[in-house]
Amino acid sequence: MSIELRSVSKRFGDVAAVDQVSFSVADRELVALLGPSGGGKTTVLRMIAGLETPSAGDLFIGGHRVNEVPVQDRNIGFVFQNYALFPTMTVSDNIAFGLKVRKWKPADSAARVEELLGVFGLEGLARRFPHQLSGGQRQRVAIARALAPRPQLLLLDEPFAAVDAKIRQELREWLVRLHNELHVTTLFVTHDQEEAMEVASRIVIFSRGRLEQIGSPREVYEQPVNEFVARFIGVLNVLEGPVQKGEARIGELVFPSHGIPDGGTLRIGFRPYAVQLSRNLGEFPFTATLRHTYFLGILLRVEIELDSGLVIKARVTKEDYARLGLADGVRVSFQIREYRVLSSEAGPLAPEVPTSPQPDIAVGI
Amino acid sequence: MAGHVSHHSSSHAPAQGPTERLAIRCLLIGLALLFVGLFLLLPLASVFGEAFGRGLKPYLEALRDPRTLESLRLTVLLAVIVVPLNIVFGVAAAWAITRFRFPGKPLLVTLIDLPFAISPVVVGVMLLVLFGAQGYFGPWLREHDFRIVFALPGMVLATLFVTIPFVARELIPLMQSRGPDLEEAALTLGASGWQTFWHVTLPGVRWAVLYGVILANARAMGEFGAVYVVSKPVPGEIPLALWVDTLNSEHQGTAAFAVASLLAFLAIATLVVKAWLESRQHREMARGQTSHSE
Amino acid sequence: MSSPRPRVLPGFRLTLGFTVFYLSLLLLIPLGALLLRSTQLGWAEFWHHVSSPRALAAYRLTFTASALAGLINVVGGTLLAWVLTRYRFPGRRLLDALIDVPFALPTAVGGLALASVYSPTGWMGRWFARGSALGDLFGPDGLKLAYSRIGVVIALTFVSLPFVVRTVQPVLESLDRSIEEAAACLGAGRGRTFLTVILPALIPSILTGFTLAFARAAGEFGSIQFISSNVPFKTQIAPQLIIEKLDAYELEGAVAIAVFLLAISFVILAAINLLEGWTRRFQS
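Protein chains in written order, with the working numbering: chain A, 469 to 833; chain B, 2 to 295; chain C, 2 to 285.
Among these hints, one or two may not hold up.
Label pairs and their computed distance ranges (CB to CB) [unchecked claim]:
| # | chain 1 | residue 1 | chain 2 | residue 2 | range |
| --- | --- | --- | --- | --- | --- |
| 1 | B | A287 | A | P753 | 21 to 31 Å |
| 2 | C | V232 | B | P154 | 31 to 41 Å |
| 3 | A | R474 | B | A46 | 49 to 59 Å |
| 4 | B | W277 | C | P201 | 34 to 44 Å |
Worth flagging that the hints you see were computed from the coordinates, not collected in a lab.
C-beta atoms are modelled at their ideal positions from N, C-alpha and C, and glycine is treated no differently.
Start from the sequences, fold in the hints, and give me the full structure.
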């Protein structure tokens, strides 16, 4: 089922929790609603489910306007952040609840519950009560319960927030597999950009009730539409300095004014991967000292400090780190391959400016 | 009390989500108001309606009756004796129960609750069995010309019995949830036991003590059954609640209601103080929560 | 819950000593004296007093009226708890405060007022009195509210009214709203959600409230003194029978019936303790 929001707003009193949001999701997509807390993403999810009514705008599911359709009639599978299992019902009664409400025949209902218990690896737990289950088991019951009546949409509110880091990784992969098998349009809310990048085929980014950008993980990482998105997705170096005589000086670094008049301030931003490092102090125009190395797995993040005290984050692979002979405290030369001009806080971004003759775009996180 | 905090937060961000249709909501609110109206509001209103029904003059006359004034004096005296003892007991019991481990503690907690479950009339019978003419100490008391039942000491004992749980019941859960950390910290800083109690424990529980006190006071001033059994219906020698009964059985309706209105004022004052204490508690808990999260 | 640590804090002997002394003097000695006195009666005499036809009639009225009052409060109290926790309307806080009137108003005053409101000339009673439209439905004499068994139920409902509200209210407040939303997402309407999801979670607290209300009502005397005509076999409750025995200087009979009521109090108290443990399971 497709979903479309047209200029949807939600106000709580004077506060606009969601402000004029429009986007659409195609049938069978797996989409993440991403943003900091208070960004409005959960409210959007709850409006799609019918748990909140939009204050303005139109909401379509499968091409039909559903603003006035009550939650009971939307055929939505909703997985709550705290799972919201019925405490007085067993696991199988929880899963069967939606079927009973829809007046399935007892035999069909029992068969469906059996099937889901199998799919979710809950076979031995059918007669248990929620308070007798582990966190991971509760979550699987919650998803099984939501899927039991074969909903047209599966909506998950922060599905992995309440489990510990190790299980979270397994659950992410499992959700992707589940989505591939079920072909049901799935939206999930998360505040964790890494989770969104890893699981979703598209990401909708919210901040302060407004939609900032929608796109594939690669698009929002490589072509962020504004500084907020650029900063929220991945790491961004931001530098700013005054413009004088047609150029901006930021510590030892000099940038063209990019049309900003003298007396103004130039802000630029660049990803750590845009910084090229070398032990050969003559290779690149600027020199700095490597202050600290963060081991992140196959990638390493290093902080280099210029003599002026300016600190820049760079990223190198494990192999390059060894090949270049990098270590904390060594002197390096570096250049910034490409950067963007940031007009103002959270404003739109100018196109990327290559500083080297052949900008080879690196890909990844 | 946790629930009251959620009250607070839900009034901030209106809890949306599924609710009933407006008509159903109005119907349910209407039925609830009807229920409270029939059983609580109407009787409360009728006390004042009947008391002032014949004008202010008979009302004031009934109150100026020396027997009424004697009853009022006795009622206040009972509360003045009973409530302080109840505070001391409640604080001591809460301290022992929440700060130490000892065998038989659950039994002790159950015993403190026991007076809520026992009929006041049965309490009166207990005192008669001990101190009445046919009671265990009856002959001895008569020999020494000392009266307990059908006199002030009996009324005090009866009232003390029925008020046992009030302060303790407010304090025990509160002090349990606070734990001994603050007191232990005070001790490590060199405070004595009494200093710790006065400066650390008491400020944290004073509102709960007050809460227990106003309820104990209302019960002490209004107790009927237990005091009824151990008192003689002599005008001027019984508390107000019993004086209402005597007037009523003598068909002095207006006077009975006039005296009853005094007790109804006490009830309203109790409820107002109680509501004030509760809202105060919410605020303190809300403050406590924000300072925690910061 | 932090369990109290070994005795680092001072005051153990003093506070426990005082607590035990106070309870012994005021509670245990009187209680023991009553029980001792009843054992001196001998089983036959005890049984004779406890099972006399008048006593049986008084118990029957006491416990059926208390149970009825409890049931009225289960319905009304749950409704009140629901309305107070779920809806915002003008006067809600006042309504919330009014619930505690029976705790704050002496029962004598409550009984006096109820007797007046529900007497044949009272604000409510007149609608059911002889010759009134509603009263005629119940026969030529109308329906007597005060001074009848109905009056006993009314008074017991009054004195036990706060219990169900105050036990259900916190449970309802702490009940996770998202389970209701989950039920809605699965297609359940409000009525079904209440019956299958909310009510089962409230049952332990409703039962606790009922038991507390029942216990309070079964021991009530003050308000009944005003609203009941105290006619043996008709409107006399057990505590009134005890008073009657005392007035007739039959201490033995009073002791026997008092011990019987006490035994029932202990059973109820045990039930309350069990129920409260059960309630806690659903509250967090």
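Legend entry - Verdict for W277 (chain B), P201 (chain C) (Cβ pair) under range 34 to 44 Å: Holds, at about 36 Å.
Inset, instruction - Starting from the hint 49 to 59 Å, judge whether the C-beta atoms of R474 (chain A) and A46 (chain B) obey it. - result: holds, 56 Å
Inset, instruction - Evaluate the given range 31 to 41 Å for the C-beta pair formed by V232 (chain C) and P154 (chain B). - result: Since V232 (chain C) and P154 (chain B) have Cβ atoms about 35 Å apart, the given range 31 to 41 Å holds.
Legend entry - Range agreement (Cβ of P753 (chain A) with Cβ of A287 (chain B), hint 21 to 31 Å): Check failed, 58 Å falls outside 21 to 31 Å.
Checked against the numbered hints listed earlier, the structure breaks hint 1 alone; every other hint is satisfied.
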